[in-house]
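*Asks:* Take the sequences, apply the hints, and build the full model.
Spelled out, the chains give:
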Amino acid sequence: MSSWERFLDTFFNARVMAKYLPDILYGMWVTIELAVLVVITGIASGLLLALLRAAGIRPLNWLMIFVVDVLRALPPLVIIVLIYFGLPSVDIAPSGFVSTWAALALVLMAFSEEIFWSGITAVPRGQWEASRSTGLSFTQTLLFVVLPQALRMTIPPLTSRTIAITKGTALGSVVAVSEILGQASSAVSNSYNPSPLMLGAAAYLVLFIPVVVAGRWVETRFAWKK
Amino acid sequence: MAAPIIEARAIHKHFGALHVLKGVDLQVAERELVFVIGPSGSGKSTLLRCLNRLETPDSGSVVVDGIDLLARATDINRARQRIGMVFQSFNLYPHMTALGNVTLALRKVAGKTAAEAEALGLAALDRVGLRDRAGHTPGQLSGGQAQRVAIARAIALEPRVMLFDEPTSALDPELVGSVLAVMRELRQDGMTMVVVSHEMGFARAAADRVVFMDDGQIVEQGAPAAIFEVPREARTRAFIGQIQRH
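Protein sequence lines, in the order shown, are assigned to chains A and B.
-12 is the number of the first residue of the first sequence in our numbering; add one for each residue after it.
2 is the number of the first residue of the second sequence in our numbering; add one for each residue after it.
Rather than coming from a laboratory, the hints here were simulated on the basis of the structure.
Predicted model only: the values in this text are computed from it and were never measured.
Do not rely on the hints blindly, as some may be mistaken.
What the hints assert, rightly or not - Which residues of chain B face chain A? A partial, calculated answer using Cβ under 7 Å:
1) Q82
2) N92
3) V110
Ideal Cβ placement from N, Cα and C applies to all residues, glycine included.
*Replies:* Right, here's the structure in full:
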């Protein structure tokens, strides 16, 4: 066996790959579920927080800024582990899936809140004044005048941040979520062959390259033209 | 003089340690056009912004069309429908068409249906000569057109008074005329107007009264001819001399 054949047999073993392909496909499905949940809940709650912050209730905003900064400073893996291993001590025992979802959604919430907030503050004061001078309330002005402009500015940074955090679903493998990486690494242990990892990597590419390409399209499509 | 439609009394306003308005009184009669002039930092824009409570005075009273703007019980959003405002930098909503800019408050504040708002919006754009630009976004309009859309946005709500904050200062000289023409028409229709501006030619031709402010106070006021030709106060003379040299 030449060294090239040995390399192929080790990393691209067709027999092993065929055997574990269904597991990896199942992992892909779990990753998709997890990613969709994280993106929807994370961005929605981040937007809600940013809108709440615009209301300018001081003590609430200080609390919000503190929590958001902590969530942005902690590595996502640490938050997953804290939820999964920490909460059972207060008699809440979330599954690995729920722990990973909650942790990544919290991180995305924190980052997207900051991004939405910076978008809201970047809308010139004159826009607020013009709208208020015609009798629109604070909330109407925020929703109909300021937010549409803010969202447009936030789409590029939000897209790249969302992709980065969504890839963090792989961290779920640490708390026994059977997503792509989890499936791949247990397949590696069972087959004594690292080929399933290659399969896993391919699965991530299949999943995320379209997302990255779509992200780039969205970024150029919504780039703010003066 | 009949009961004034705008009655501001003893207005004081601080920005931090800066005393911007030092007890200003201003009464404006219905259908009157009042010009407010003065050096930058004299408080003229702040005074104007107190008249629709974009700035809240520290003390004093502001009554517009019988509504006490500073009273706790006043619904300021309802009151502001009667007080149109036009800004130096237009402040059109860049994500909406000209018509969208004009109809937003008609739909959300005045409670018009989409069809009613569109009809009223188009009529307002017609008054400023821009009905054919209804579908354009602010980015596609010249400065003069943008400011006329901003005027349409304000008059569509059928305000009782209009406030203009340096409406032509951001415009190229050749575009100023189109905005002044619209203001002149409003004037002929009997709109009560308070204008912060240095368009002396327009003031001479159209204003009933010119108010000169300096250092947070009204120094002198009177008919345009009197203020521009024979100002009594030295500060007024100095200021008029300066802007006439330009």
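*Asks:* Now, for every hint given, state plainly whether the structure supports it.
*Replies:* Outcome of the hint check:
no.	hint	verdict
1	Q82	holds, 4 Å
2	N92	holds, 4 Å
3	V110	holds, 4 Å
Checked against the numbered hints given earlier, the structure satisfies every one of them.
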